[in-house]
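Peer 1: These are the residues of each chain, in order.
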Amino acid sequence: MIEIDNLSKKFGDLTAVDSISMNINEGEVFGFLGPNGAGKTTTVRMLCTLISKTSGNARISGYNIGDKDDSLKIRKIIGLVPDNVGLSEHLSAYDNLEFFARVHDLSKTERKERIQYFLEMLGLWDKRNVSVGTFSKGMKQKLAIARALIHDPQVLFLDEPTANLDPEAAKTVRDFILDLKKQKKTIFLNTHNLDEAQRICDRIGILNTKLVSIGTPKDLEDAVRVRKTVIELEQVTDSVLKSVQKLSLPNLDVEGNTITFDTIDSGSKNWPIVEAIVHAGGHVNIVKVVGSTLEDVYLKLVGENQ
Amino acid sequence: MKLSKAWLVAARDFKIFKHQKNMLYGLVIFPVIISIIPSAILNYAVNRDPPLPAAGIPPILDAFSIFLIIGSAFVPLGIAGYTIVGEKVEKSLEPLLAGPLTDGEILLGKTISAVLPALIAMYTGGVIFMVGTDAVSYPSLNYYYFPNWTIAVILFLGMPAATIMSVEFGVIVSSRVNDVRSATNFGALMFFPFLIIYILGQTKLITLDTETMAKISVILLVIDVVLFFISTALFKREEILTKWK
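Chains X and E, in that order, give the protein sequences.
Using our numbering, you'd call the opening residue of the first sequence number 1 and step up by one each time.
Using our numbering, you'd call the opening residue of the second sequence number 1 and step up by one each time.
A couple of the hints might just be wrong.
To be verified - Quick list of the computed label-pair ranges, beta carbon to beta carbon:
no.	chain 1	residue 1	chain 2	residue 2	range
1	E	Leu-189	X	Gly-27	53 to 59 Å
2	E	Phe-228	X	Val-130	36 to 42 Å
3	X	Lys-210	E	Phe-191	51 to 57 Å
4	E	Leu-189	X	Thr-109	48 to 54 Å
5	X	Arg-199	E	Leu-189	53 to 59 Å
6	E	Thr-124	X	Val-130	28 to 34 Å
7	E	Arg-181	X	Ser-136	26 to 32 Å
Unchecked claim - Derived pair list, reagent style DSS-like, types lysine-lysine, alpha-carbon separation capped at 30 Å:
no.	chain 1	residue 1	chain 2	residue 2
8	X	Lys-73	E	Lys-2
9	E	Lys-18	E	Lys-88
10	E	Lys-88	E	Lys-21
11	X	Lys-171	E	Lys-91
12	X	Lys-108	E	Lys-91
13	E	Lys-236	X	Lys-68
14	X	Lys-127	E	Lys-15
15	E	Lys-21	X	Lys-127
16	X	Lys-137	E	Lys-21
17	X	Lys-76	X	Lys-127
18	X	Lys-228	X	Lys-300
19	E	Lys-236	E	Lys-91
20	E	Lys-91	X	Lys-68
21	X	Lys-73	E	Lys-15
22	X	Lys-127	E	Lys-88
23	X	Lys-10	X	Lys-73
24	E	Lys-91	X	Lys-210
25	X	Lys-10	E	Lys-91
26	X	Lys-269	X	Lys-218
27	X	Lys-137	E	Lys-15
28	E	Lys-18	X	Lys-127
29	E	Lys-2	X	Lys-112
30	X	Lys-68	X	Lys-210
31	X	Lys-137	E	Lys-18
32	X	Lys-184	X	Lys-108
33	X	Lys-228	X	Lys-218
34	E	Lys-88	X	Lys-76
35	X	Lys-108	E	Lys-15
36	X	Lys-171	E	Lys-88
37	E	Lys-91	X	Lys-137
38	X	Lys-185	X	Lys-210
39	X	Lys-137	X	Lys-171
40	X	Lys-127	X	Lys-185
No lab work stands behind these hints, which were simulated from the structure alone.
Glycine included, C-beta positions come from ideal geometry on N, C-alpha and C.
When you get a sec, could you build the whole thing from the sequences and use the hints?
Peer 2: Here it is as structure tokens:
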């Protein structure tokens, strides 16, 4: 559906996106994670043919983003929700949707049906003639997504759809995206919300000007595999401390009555360590292995590429 | 480029304008002034003691006529400022640019949405101006001064050319400012060249006759062409998203 091949964008001397290559499959929800200024919005704008590429190429449904004739065709088959919802505040919800339905050449019947479908789905049908300026942020964001979907696009680009929303509004937007996922829409989601990416996306790309890593959330966690063993004791005595220090455990950290270190190979190797602690007179309350989260992966990968 | 697509953009703007009271006032005030005040002044002049001689009436009416061009340059400024800067402020340009519209269709739509209401308002004002001043001047002149060739040139060349120039200037200004008021203030600079023409006419350095009005209109059309190339060069997706302030 989306093929990206060494795509780059420079603004003067500044490289905003540096030779990224990846493919996004039909029906896939792809999350693009990265810190501010990583090039996420620039990438989406290039793919939506809003700005030109400096080098490389990308194709959406076989259409070339660098080709002037294809640009219009691409804009017909995509929907974009930019980081600002960009609704006309003085127009009603109905008029906002109708304008874009007309822009996409939907027939009168199609326009009526699709607008009603989305406004009813969003619970806005009764407010269809009310100015959008009076809507909550969450409702505006959902309406903006509906606007991007009004022509039933093949690919939906969402740029930080839950940024600046309160938790409740963010949840309603996320639920809406999950509904779209069930409908097998191809979605390209820019976000820096790791939890959101993990819950919604089939695959995740981590961008920091360059594409740092790409894979399923599970793949990424496994790739880094930073797992910690946490041992909680009644008390960390001097003899216990000496016994664990003798073991040369990686990234050993003692804080209060808790000993933490990077898990060696597998959790099973923890038992000799526990035995050593008990032998030194320690009274062990809890032993647990904490797996790496997507946040650990993200921070590690982005940190390495700073 | 499809005219129907440009018209869609303009039609949406017209819907938005209905909610912009300040813009509507701006559309009405100047045409009302231009249509009523000249008739009132002329009425005073021909009825005072001693009255203005008949030979003095045509130069006054010609001088008033140039205000129709000034108004045509002035009235669209508020609309042109809103139609682009307003969208910048609302951040509603990006979804529009992401739709299947060409840059030319969007720019033409924006131009239509600013030019059409301004011209309708100014033509309405112009008709009232002609009827009002004819009614007042007829007893002295014994003929209707309007319509004549000078006003025809003003109505069909000068006013559209001035309106388009104003809108194109508005597009250029819009690419460099971030609020509607600044766009309108910058656009008000358009007023001065016309004021100079008016002063030159009043000081008899030029005669505001048909030939002069035709020359002024041609100059305006040439400026329109130059501004068209500048505004279309600025009104490009990438420019708007990455370089417009």
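Peer 1: Taking the hints in turn, state whether each one holds.
Peer 2: Hint by hint, here is what the structure shows:
| no. | hint | result |
| --- | --- | --- |
| 1 | E:Leu-189 / X:Gly-27: 53 to 59 Å | holds, 55 Å |
| 2 | E:Phe-228 / X:Val-130: 36 to 42 Å | holds, 39 Å |
| 3 | X:Lys-210 / E:Phe-191: 51 to 57 Å | holds, 53 Å |
| 4 | E:Leu-189 / X:Thr-109: 48 to 54 Å | holds, 49 Å |
| 5 | X:Arg-199 / E:Leu-189: 53 to 59 Å | holds, 54 Å |
| 6 | E:Thr-124 / X:Val-130: 28 to 34 Å | holds, 33 Å |
| 7 | E:Arg-181 / X:Ser-136: 26 to 32 Å | holds, 28 Å |
| 8 | X:Lys-73 / E:Lys-2 | holds, 15 Å |
| 9 | E:Lys-18 / E:Lys-88 | holds, 19 Å |
| 10 | E:Lys-88 / E:Lys-21 | holds, 19 Å |
| 11 | X:Lys-171 / E:Lys-91 | holds, 24 Å |
| 12 | X:Lys-108 / E:Lys-91 | holds, 28 Å |
| 13 | E:Lys-236 / X:Lys-68 | holds, 13 Å |
| 14 | X:Lys-127 / E:Lys-15 | holds, 18 Å |
| 15 | E:Lys-21 / X:Lys-127 | holds, 23 Å |
| 16 | X:Lys-137 / E:Lys-21 | holds, 25 Å |
| 17 | X:Lys-76 / X:Lys-127 | holds, 28 Å |
| 18 | X:Lys-228 / X:Lys-300 | holds, 15 Å |
| 19 | E:Lys-236 / E:Lys-91 | holds, 16 Å |
| 20 | E:Lys-91 / X:Lys-68 | holds, 25 Å |
| 21 | X:Lys-73 / E:Lys-15 | holds, 28 Å |
| 22 | X:Lys-127 / E:Lys-88 | holds, 26 Å |
| 23 | X:Lys-10 / X:Lys-73 | holds, 25 Å |
| 24 | E:Lys-91 / X:Lys-210 | holds, 28 Å |
| 25 | X:Lys-10 / E:Lys-91 | holds, 24 Å |
| 26 | X:Lys-269 / X:Lys-218 | holds, 23 Å |
| 27 | X:Lys-137 / E:Lys-15 | holds, 23 Å |
| 28 | E:Lys-18 / X:Lys-127 | holds, 19 Å |
| 29 | E:Lys-2 / X:Lys-112 | holds, 23 Å |
| 30 | X:Lys-68 / X:Lys-210 | holds, 26 Å |
| 31 | X:Lys-137 / E:Lys-18 | holds, 24 Å |
| 32 | X:Lys-184 / X:Lys-108 | holds, 26 Å |
| 33 | X:Lys-228 / X:Lys-218 | holds, 17 Å |
| 34 | E:Lys-88 / X:Lys-76 | holds, 23 Å |
| 35 | X:Lys-108 / E:Lys-15 | holds, 19 Å |
| 36 | X:Lys-171 / E:Lys-88 | holds, 28 Å |
| 37 | E:Lys-91 / X:Lys-137 | holds, 14 Å |
| 38 | X:Lys-185 / X:Lys-210 | holds, 26 Å |
| 39 | X:Lys-137 / X:Lys-171 | holds, 12 Å |
| 40 | X:Lys-127 / X:Lys-185 | holds, 27 Å |
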